[in-house]
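Chains as they are written, first to last, in this note's numbering: chain A, 7 to 288; chain B, 540 to 1148.
Hints listed in this document are in silico derivations from the structure and should not be mistaken for laboratory results. Backbone N, C-alpha and C fix where the C-beta goes; we use that ideal spot for every residue, glycine too. Among the hints, erroneous ones may be present.
As the list claims (entries may be wrong) - Below, in silico cross-link-like pairs of lysine to any residue (SDA-like), each with a Cα-Cα straight-line distance of 20 Å or less:
1. A:K223 x B:S824
2. A:K156 x B:G822
3. A:K156 x B:I713
4. A:K78 x B:G925
5. B:K1047 x A:F33
6. A:K230 x A:T129
7. B:K602 x B:A612
8. A:K176 x A:N164
9. A:K248 x B:G1043
10. A:K223 x B:E1136
11. A:K30 x B:L1051
12. A:K156 x B:L819
Unchecked claim - Which stretches of chain A does chain B cover? Using the computed rule of at least three CB atoms under 8 Å from a CB of chain B, they are:
13. 209-220
14. 230-239
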Amino acid sequence: MGRVLAVIIWIITALSVLMFVSKKWWFPAAISEHGPALDRQFLITILVVGISFAAAQIGLGWMVWKYRDTGKAGDRGTYTHGSNRLEVLWTVITAVVFITLAVMGQSVWAQLRLHDAPAGSYTVEVVAQQFQWNFHYPGKDNVFGHTDPKLIDDSALNYVGLDPGDPNAKDDAVTASLVVPVNRPVELRLRSKDVIHSFWVPPLRFKQDLVPGMEIKVHFTPTKVGKYELACAELCGQQHYKMRAFMLVLPDEELNAIRVMSQEQFQARMTELLAKYPTVID
Amino acid sequence: MSDVSHEGVHRHPAPTGFIRKYIFSLDHKVIGIQYILLALAAVLVGMTMSLLMRLKLSWPDHKFALLGTLFKAGAPDGVMNPEFYLSLVTMHGTIMVFFVLTTAPQGGFGNYFLPIQIGAEDMAFPTLNMMSFWVTFIGFVVILAAIFFSGAESTVGPIGGWTGYAPLSALGAIAGPGQGMGMNLWIISIAIFCVGSLLGALNFITTLLNMRTKGMSLMRMPLTCWAWFTTAVLALLSFPVLLGGGILLLLDRLAGTSFFIPGGLYVSGVLSGTNPNFPLHTGGSPILWQHLFWFFGHPEVYIAILPGMGATSHILATFARKPVFGYRAMVFAIFAIGLLGFFVWGHHMFISGMSPYSAIAFSVLTLSIGVPSAVKTFNWIGTLWGARIRFTTAMLFAIGFVSLFVSGGITGLILGQSSLDLAMHDTYIVPAHFHLVMGVASIFGMFAAIYFWFPKMFGRYLDERIGKIHFWVTFVGVYCIFVPMHVMGLVGMPRRYSQFTEYGFLNKLHPLVLFVSISAIITITVQLLFYFNLVWSLFKGAKAPDNAWEATTLEWSTSTPPPHDNFAGVLPTVYHGPYEFAVPGAPNDFVMQTDAEVEVSSNGHNGHH
Chain A
7 MGRVLAVIIW IITALSVLMF VSKKWWFPAA ISEHGPALDR QFLITILVVG
57 ISFAAAQIGL GWMVWKYRDT GKAGDRGTYT HGSNRLEVLW TVITAVVFIT
107 LAVMGQSVWA QLRLHDAPAG SYTVEVVAQQ FQWNFHYPGK DNVFGHTDPK
157 LIDDSALNYV GLDPGDPNAK DDAVTASLVV PVNRPVELRL RSKDVIHSFW
207 VPPLRFKQDL VPGMEIKVHF TPTKVGKYEL ACAELCGQQH YKMRAFMLVL
257 PDEELNAIRV MSQEQFQARM TELLAKYPTV ID
Chain B
540 MSDVSHEGVH RHPAPTGFIR KYIFSLDHKV IGIQYILLAL AAVLVGMTMS
590 LLMRLKLSWP DHKFALLGTL FKAGAPDGVM NPEFYLSLVT MHGTIMVFFV
640 LTTAPQGGFG NYFLPIQIGA EDMAFPTLNM MSFWVTFIGF VVILAAIFFS
690 GAESTVGPIG GWTGYAPLSA LGAIAGPGQG MGMNLWIISI AIFCVGSLLG
740 ALNFITTLLN MRTKGMSLMR MPLTCWAWFT TAVLALLSFP VLLGGGILLL
790 LDRLAGTSFF IPGGLYVSGV LSGTNPNFPL HTGGSPILWQ HLFWFFGHPE
840 VYIAILPGMG ATSHILATFA RKPVFGYRAM VFAIFAIGLL GFFVWGHHMF
890 ISGMSPYSAI AFSVLTLSIG VPSAVKTFNW IGTLWGARIR FTTAMLFAIG
940 FVSLFVSGGI TGLILGQSSL DLAMHDTYIV PAHFHLVMGV ASIFGMFAAI
990 YFWFPKMFGR YLDERIGKIH FWVTFVGVYC IFVPMHVMGL VGMPRRYSQF
1040 TEYGFLNKLH PLVLFVSISA IITITVQLLF YFNLVWSLFK GAKAPDNAWE
1090 ATTLEWSTST PPPHDNFAGV LPTVYHGPYE FAVPGAPNDF VMQTDAEVEV
1140 SSNGHNGHH
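Chain A on its own, in the form it takes in the complex (with noise of 0.2 Å):
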């Protein structure tokens, strides 16, 4: 029973360490500058996790494999209650090991949330409502149009509630995709209407909740042109399944000649440059 049991916690653990390793089902190539640091990260704890997992299933199917009950009379186990040694080794060694991950683990989320956008940065207001994202875009002049709330009306296709009457917001363009230059920092202004949603492009390497009542500016680098899929990740309702929404990473002239368009020409190019670029789905 125990040399059974011990065999199946190995092909067990054999089995699911191949599933990582084969790197069948794994990350999206990353698109963003701090996307690779993140998967290096990721490397070495999946490395610390891979070895604790293997050494202890198999230390654990090693001890169940040998220290079986013979049943001869007289045959006992050890009489030992521990080892005061040890149980310092252990600890001492875990505590540093788990504790150099964290500090390590906290650079990419440093660079990212501890500091304001760069000066300069491409930077879109996102609106997220059930079951759909807006983006806001400031137009020519660069300045975003006055929005509140009270002005909102879905049924008129306001959807972040820009205010007519302010003379910045005749520039703007609000439209349903996402697009953003390549190689240039992007602050992304995130808020939400109505329940909290969550931003989520896997390829990006990154994700944050729009919360309602609250403006969020993350920032981030995309660093490769394409077309990727947008995913909402925070349960927000019935259709969370599809609030899909699309992020074009663009070059620099199609970008720039795309973001002093009209909303209506804005809107026709963005329909052209979607079918254009495929979707990268790995």
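Chain A is already provided as a structure; the job is to place chain B on it using the hints.
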């Protein structure tokens, strides 16, 4: 302290009528069994819901005729709609966390065995004990009511997940299906549950501190008692916060307050304050709910698993025929986990919009909690080192617990890092992690416990052949279900999606989703064997002697099943530590705690040689 007389404080005569004996019983043993029955009923509901969820995820458009008949609104023509799926997610989580993982380990086994293991005749407050069960039971009735009162909304309850994030949970029917009466009942049920757990926690703490028998010093207590005690302290300090949060949430919904609802919301085409269905709200904070919820929610994880850890230590030592390795370190580790458990709730909220600086503190504290967890694992493996293992079903489940605790717990090193959480948060690696560790490992602890203690409770062994089939399939099955979910998370698959049909990047995961569903169907089906075993063995199982497993602690020194006052009027005196197996020179390979004849050099006080 341990030899203070407490006679008269708790003594009550054995009841004679059926109602006082089995329904409104003051006997901690009956109450323990009531809790276990409640959990056995609740887990059937929760498990059925997970089965339905897997059907939806793997066959999103298939027409299940039976479902169409049963849930006309939620599954018209047998195709489950998204809100029906989400209500299953919510109710599965709520029922499993509260009515299974909190009731069986603590209310069930803790109630039955804590007083016996410390040599007490009952709990300190038997009436309070009865109340805590019946309050919990009412909570269960109310959560079932949430299922039935939501039928018109085409759900089986609210759809906000077991975490009930505001403002989705606070807005009422305007926020979509599943946010009406079912949501109110959900909150009320949890509030009632909080009260029941608080009453229970007070009782556990008082009983353990005041009612230990002569010689039962703290460091001679079985590790199960340490675990139940720490769990009770966690419950005492965390449930009031959830209770408070729940009341505020209910007020937001019913009294028009704005604790969690900010101003200027525009929901389903309506601006707050411009419509009688959506009154004016202003000034609330959605993140406040998350702080209150997780201040409870993280300790709750340890409430679920600590008793399983205690049972595992207890059962490993018994069938390893060896003392627990590092008893003292095990006690400290339980305490360290309990204490640190109160300082890590923020790791659920890295990307919630809270301060990024506090995320750093929460991250480092979270990885620190891995240290006492690793210490426990080392000591369990140390307990098996040099053992003479008897492979009973209880022992197999205890070994399974260790394996699963490692597998589930170790990924906490990934999820606890704020940087990595940018990619991992709310993907399938999160359910993979917590199901393995707080779900399945805890349940394995309880399976070990029931196979171990059933002969004491009912005088008959559970059938070992059925038990072993149950173990093998379940052990392999849960790995097949939850390991693939980790890599789904790496690909980026979000949680709480009712189907994976809308995204190109999820397509390559379809074979894995199907594999998980098939594994789940098999594993769930095999649990019926366990239920059969419980009933069959109750009447036909092999008869068990008083000390069914040649074990050492006090529950094995009294008759089977234990008499009403546990020790037939004579409280035992304790001479040894809890796990004196393989003592050199002793006549048997086990020395019972009550055995005055045998000299044990360590006397169980000093954990180390």
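| Numbers of unmet hints, in rising order | Per hint list: single violation, 10.
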